[in-house]
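With chain G's structure known, arrange chain F on it following the hints.
Protein chains in written order, with my numbering: chain G, 52 to 420; chain F, 52 to 420.
Hints may contain errors.
The list cannot tell twin chains apart, which means a pair is met if one copy fits it or any two copies do.
Below, in silico cross-link-like pairs of lysine-lysine (PhoX-like), each with a Cα-Cα straight-line distance of 20 Å or less [stated by the list, open to error]: (1) Lys273 with Lys170; (2) Lys81 with Lys413; (3) Lys369 with Lys101; (4) Lys369 with Lys166.
The set of hints was computed from the structure by calculation and includes no laboratory data. Just so it is clear, the structure is predicted and the values come from calculations on it, not from any experiment.
Number of protein chains: 2
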Amino acid sequence: MGGNLMENRIHNFSAGPAILPVPVLKQAQKDLVALPSLGMSVMEISHRCKAADEIFETTERNLRELLQLPENYKVLFLQGGASLQFSMVPMNVLRGEGRSADYILTGSWGEKAIKEAKKEGTTRVVWTGKESNFVRVPTNEELELSADSTYVHFTSNETIQGVQFASEPESGGAPLVCDASSDILSRPLDVSRYGLIYAGAQKNIGPAGLTLVIIREDLVAKSAENLPTMLSYRVHVENKSLYNTPPVFAIYIMMLVTRWLLEEIGGLEKMGEINRRKAGLLYEVIDASGGFYRGHADPASRSLMNVTWRLPDENLEKQFVSEATKLGLDGLKGHRSVGGIRASIYNAMPLAGVQALAEFMKDFQRKLG
Amino acid sequence: MGGNLMENRIHNFSAGPAILPVPVLKQAQKDLVALPSLGMSVMEISHRCKAADEIFETTERNLRELLQLPENYKVLFLQGGASLQFSMVPMNVLRGEGRSADYILTGSWGEKAIKEAKKEGTTRVVWTGKESNFVRVPTNEELELSADSTYVHFTSNETIQGVQFASEPESGGAPLVCDASSDILSRPLDVSRYGLIYAGAQKNIGPAGLTLVIIREDLVAKSAENLPTMLSYRVHVENKSLYNTPPVFAIYIMMLVTRWLLEEIGGLEKMGEINRRKAGLLYEVIDASGGFYRGHADPASRSLMNVTWRLPDENLEKQFVSEATKLGLDGLKGHRSVGGIRASIYNAMPLAGVQALAEFMKDFQRKLG
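In isolation and in its complexed conformation, chain G is listed as follows (with noise of 0.2 Å):
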């Protein structure tokens, strides 16, 4: 039981923050104090100074490449999550437009986006998973789309409900927005069929407190006039992410994690394979409990980054929790708002870690079922 431990290191299914790749954590470590050609720490040192520069655009490559970014997308290096987002988009893209902007609702971080989006100007919810408890994306066919809509928004992957888009909706020609922040880097991406793309980077990205916004050109020159100069993205843009000082210590563990993507596990294709494997195998014990798992989401809209589940009473799922802990599976408890099970397995876990999970389950339906 417990799989590959490392150094006393448990599996950590937390929503995010959540796990990071031990060679991240070991590299981070070696050169904490002082990284060796430098002789400071990357804490310490000047945003903009020739190291902080290699920093910055060296992830910023890695990311090119491993989303293949299309020439005409700007990478940019934020703060405040994305909740600050939820405010953000609007106010650039919404704002003294004149028209709408479409919502499609598929869980509680696209509630609220929504809930931001309405202080700027007029948001409408194309689509709604309210009514069904968030348990499935749309089809495209079920979206009412706006005629002339600013853009088109939507949540990929909703980490508590569980549920996520296998491919990106339709916007029927709107710039395409999305709140990426919990299956970015999980699998590839076509994101020239994207305006915008955010994330907040304590997922598959890096530690919070990094905001990462991927911008397409013709949406930056939107930006409303005489915005806070720290929420216009033409600001950000112009200054290359140094109009004021960046997290430079979380974009340079970013820059450490798009480097493990890159050279330790091969790219985005193989890293969804990988994604693809290790969901499979907790999903299949679900459906292989005859009822004793119940899966929250449908099938189809099933979250390869956030399996959430109940199980028949919340006396077991308490006892499920509380078992899986003293094995070293850690943070497995689903969100108070939802309740029952909730196991991320986002990049970083390793399969060990999603195997010593699955036996565990199929062993406490054995005890308990």
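Using the frame of chain G, we list chain F on its own:
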């Protein structure tokens, strides 16, 4: 030459991100891959788990002890740096008040604060040092305060010009709001004289990516309605900085830094003495140089954090920086907007580093003066 260099570390005089205490870096390094009690890295823990709670609570407790914070002040751990506070302060406290805010302008950061405030409401500059090239702070008698301002804003230390208030200005009864990014925790502070204090972490608190806000309860209530949720002080106070994922690792480093201040330095009184001594060493060399080194700031407004000076010509300045760098004295080039030399000697800069710089200054003058 070079002082107590440890583990190939050089003396880092950068203005920020800046030097951190070596014991802090060593502790963070030791536990980077896995906190012994936890089995995971601080970068990986959920912000809602018990371990994170303890980090946030310990950090706040340390800060409250260091600053002797009165109970009616709230502590917030935010993101976006002082640059985002330039907007958040007026959005929350000025917007919709029907009154104006008074700004005291003593350098480059104050200018940025005023630019953002003007977007949110009526802003009056009640004293400016701009025409005299920002060489000093005003006396209280020089301030042309409004009869009924919402608040009076000042920048306690201007990093670029090296100009610092020896004590806070009078505000005529209005709440005093301070950008204390570059001198917070460098000396004792009578917080009861302030309504709101904000500071980017990357000088005396921790790494870039964390913003500290200390706000008096009555100002929290003023937060304008319908602000973007992430920009509302009220929301952050109500959620104890956990409305969204805070930068956990940066707060952890702040915990280690504040512990270092309490346990190794012995508090802010002691820290202030050390900082006066350090700055004194450099200003003595400047004053004894017969005009070879010309301090930028008037003696009464000299900063204890950023010592700025010129040499007889720009070629000598270049040579000074280049020779210093070779000796392991790094980051001495003045800000591009002012030129000359700037030595940032924040809390973590050891006396040995300043002594090494003072010796180098004397040597350099003997050779080329």
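Verification of the supplied hints:
no., hint, verdict
1, Lys273 with Lys170, "both (18 Å within a copy, 19 Å between copies)"
2, Lys81 with Lys413, "neither (39 Å within a copy, 37 Å between copies)"
3, Lys369 with Lys101, "between (52 Å within a copy, 17 Å between copies)"
4, Lys369 with Lys166, "neither (33 Å within a copy, 53 Å between copies)"
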